[in-house]
Amino acid sequence: MSRRVVVTGLGALVPCGTGVEPFWQALLGGRSGIGTLGRFDVSGYPATLAGEVRDFTAREHLSQKLLLQTDVSTQFALAASDWALQDAKIEPGTYADYDMGVVTSNACGGFEFTHREFRKLWTAGPGAVSVYESFAWFYAVNTGQISIRNAMRGPSSALVSEQAGGLDALGHARRTIRRGTPMMLAGGVDSALDPWGWVSQVAGGRVSRATDPARAYLPFDVAASGYVPGEGGTVMVLEDLAAAARRQAHTVYGELLGYASTFDPPPGSGGVPGVQRAIRAALADARLAPGDVDVVLADGSGVPELDRVEAEAIRAVFGPRGVPVTAPKGWTGRLYSGAGPTDVACALLAIRDGVLPPTPTGDGQAPGLDLDLVTSARPGRVDRALVVARGKGGFNTAVVVGRLTEGDLGDS
Amino acid sequence: MSRRVVITGIGVRAPGGRNTEAFWDLVTSGRTATRAISFFDASGFRSRVGAEADFDAVAEGFAPEEIARMDRATQFAVSCARDAVHDSGFDPTRVAPERVGVSLGSAVAAATSLEQQYLALSRAGATWLVDHENVPEAMFDYLSPGAMPAEVAWTVGAQGPVAMVSNGCTSGIDSVGYAAQLLEDGEADIMLAGATDTPITPIVLASFEAIKATTSHNDDPSRASRPFDNSRNGFAIGEGAAVMVLEEYEHARRRGAHVYAEISGYASRCNAYHMTGLKSDGREMAEAIRVALDQARVAPSSVDYINAHGSGTKQNDRHETAAYKRSLGAHAYRTPVSSIKSMIGHSLGAIGSIEIAACALAIDRGVIPPTANLQEPDPECDLDYVPRTAREASLRTVLTVGSGFGGFQSAMVLRDAARAAA
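Here the protein sequences line up with chains F and E, keeping their order.
Counting from 1 along the first sequence, just add 1007 to a position and that's the residue number in the working numbering.
Counting from 1 along the second sequence, just add 637 to a position and that's the residue number in the working numbering.
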């Protein structure tokens, strides 16, 4: 029988809150992390609003040596990993080195760092390029640095599939645990808010050009005008349930019950988008029926056409207004690889606290979507949640998490 | 019972030849494709040697808008995927697209396009606040390279799981390992698996130069890559791609496909030591080898050939020599070991998949590629590195390894499917 995989620690670092509890309270209170991008003078740019991490000082968490060799996204990832391990009370010696692995997703790499090195190369020559550039930029940097910081030598990897990648990292961590590694750190963190990263994100054509922070990123709303790019993400501790029980893990947020990943048909081919298949396959993997799900944390891109496709898929599976749907990323901005794991954290906290986080609203739900959209914090028992993430290009990933029932820890 | 995974199609684009056959011909002839870098003026660099591929996007059938949109590395991968599908004989229209997935590795992804765009948008670095008025839409896909596996998925009509595995220089082993796990677990029936990198650009070269990882044998470019040789002083950068059709064994057998080799074991470990440095004892690579062999249910003494990482840096070649001794014991001294990076350079994330393709061909055709340029071995590298000349050999079990920045150490075991125990 296949090993069961549970979440025992969370570390979140997102624009409306640094740390899991501040972030969760901000979401429930509808406090947005979106504002005018402050990293550079953005006044002349076509889009000016971003979800920026503001209350985090990297030097309070990391050594000077690490600060020098890392991009801001890696600094976020290292802090979030530390917090997840502290939350899970995993310390050196809890597991053997080969029994701990790391899977992160990263959509943009250490982009601001590499932008600075490109500039040095082309203004001062090859000799000016940092000795850290070769590893501060590449997409595996967070996995490597987390592995080194925590002496984790088990199977480890880095995945890129734009915004779907964070959930793929959780899925791969689960796969790795089922294959015998009892503990994995997994999640996603991104940041590309330097000028070059910014124009590159805007070039994708889906970024909101709104100027009012309260109306810039409104998933499923009549006034939806695209998404606001954000930074940050979530890293979590996943464990084999039996191993967590053996070490008497003090908190189990929930179980990772199902995972599935699909890809859309080629553009213009007229095929059915893959998001509905991902949802159904994740439910099947969890051996659950649609009626077993208490809330859907949607991708909610804020691009009307993409919102419509996702709403159609949710309706097809759950029926019109058949399940509460929420997209709290409207308060944080679109976090790319950080989005899926952050939504999974929200789902687990909703299970813990019996309350659904809201989606920001503007002029009301777009006509025809027919979703039971959660627009203010909604109390109610949550046992199981579905999380959806979609990546530009055609990636669809869905994850199902559920409450661990009494006795599961003791009996396993 | 677990599902067996086999390779039924191969597509390679590597320096020194235009297709898979030309690649195999080169690496079994002992000729080398390392030359003075021609893609840009490298005169300001310490290392001015690279293995550049002779790749003609128009001749490969790409339309102008595809050439404009796709990074060079993406074009390589798409060409390889087409070849692999053709080679495997699988008809994409006869397989449910939901059961076909893509796992593509890359270390530096769209580096070529990033550098081109950077120069245009910043006026060659003159401004930190880059131009926002003339940014092509594809710039997004160079920033976040999900488009690379996506283009491959579109090419073959895959609608199953699609992802990029980006683990630096082990990307090419790990992407195939990832695909094999998905097939074993029943998440797909066919995976297009491989890796691509086209890193011969100033920024990538400069980043390796900064830590003296690349060779300075500029005076003799064709002999610049010297794995295991006492005079080696860094790797020669290369470019290329390999994409393979991986499928579940029964699926392949039912349709009568030619099976090159079976992927029997795969494992990866991290050294958690240093982002670029290696401990000399080879402990974590040895562990990856041990676990991969264990998964394949073969004894260390059954390994017939090792396709080495063999990058040609001082520390790497000693590190992996130690790892072979640690994992195979006395059998390490009896096992032929070779590095095709001696001939086609080190194409970062791509090379692991190119090397898996080489292993599959080695098994299929009974030939071990040599280590070119090996004249005087490092006294600390005292194994049989198959110097300069290929060998005929009946290969039943082959091991390939990779080692990369971030501390990744990966190992894969390939076997002759017909002779592997079911």
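Hints in this document: simulated from the structure, not taken from any laboratory.
Take the hints with a grain of salt, since some may be wrong.
Some chain F residues well away from chain E (every beta-carbon gap over 12 Å; in silico) [unchecked claim]:
| hint | residue |
| --- | --- |
| 1 | 1061 |
| 2 | 1139 |
| 3 | 1206 |
| 4 | 1253 |
| 5 | 1271 |
A short, non-exhaustive set of chain E residues, derived as facing chain F with CB atoms under 10 Å [said to hold, decoys possible]:
| hint | residue |
| --- | --- |
| 6 | 698 |
| 7 | 746 |
| 8 | 759 |
| 9 | 781 |
| 10 | 784 |
| 11 | 794 |
| 12 | 844 |
| 13 | 908 |
| 14 | 910 |
| 15 | 928 |
| 16 | 937 |
| 17 | 939 |
| 18 | 986 |
Backbone N, C-alpha and C define an ideal beta-carbon position, used for all residues, glycine too.
Next on the checklist: Hint compliance check: list the failing hint numbers for this structure, sorted ascending.
Outcome noted: Violated: hints 2, 3, 5, 6, 16, 17.
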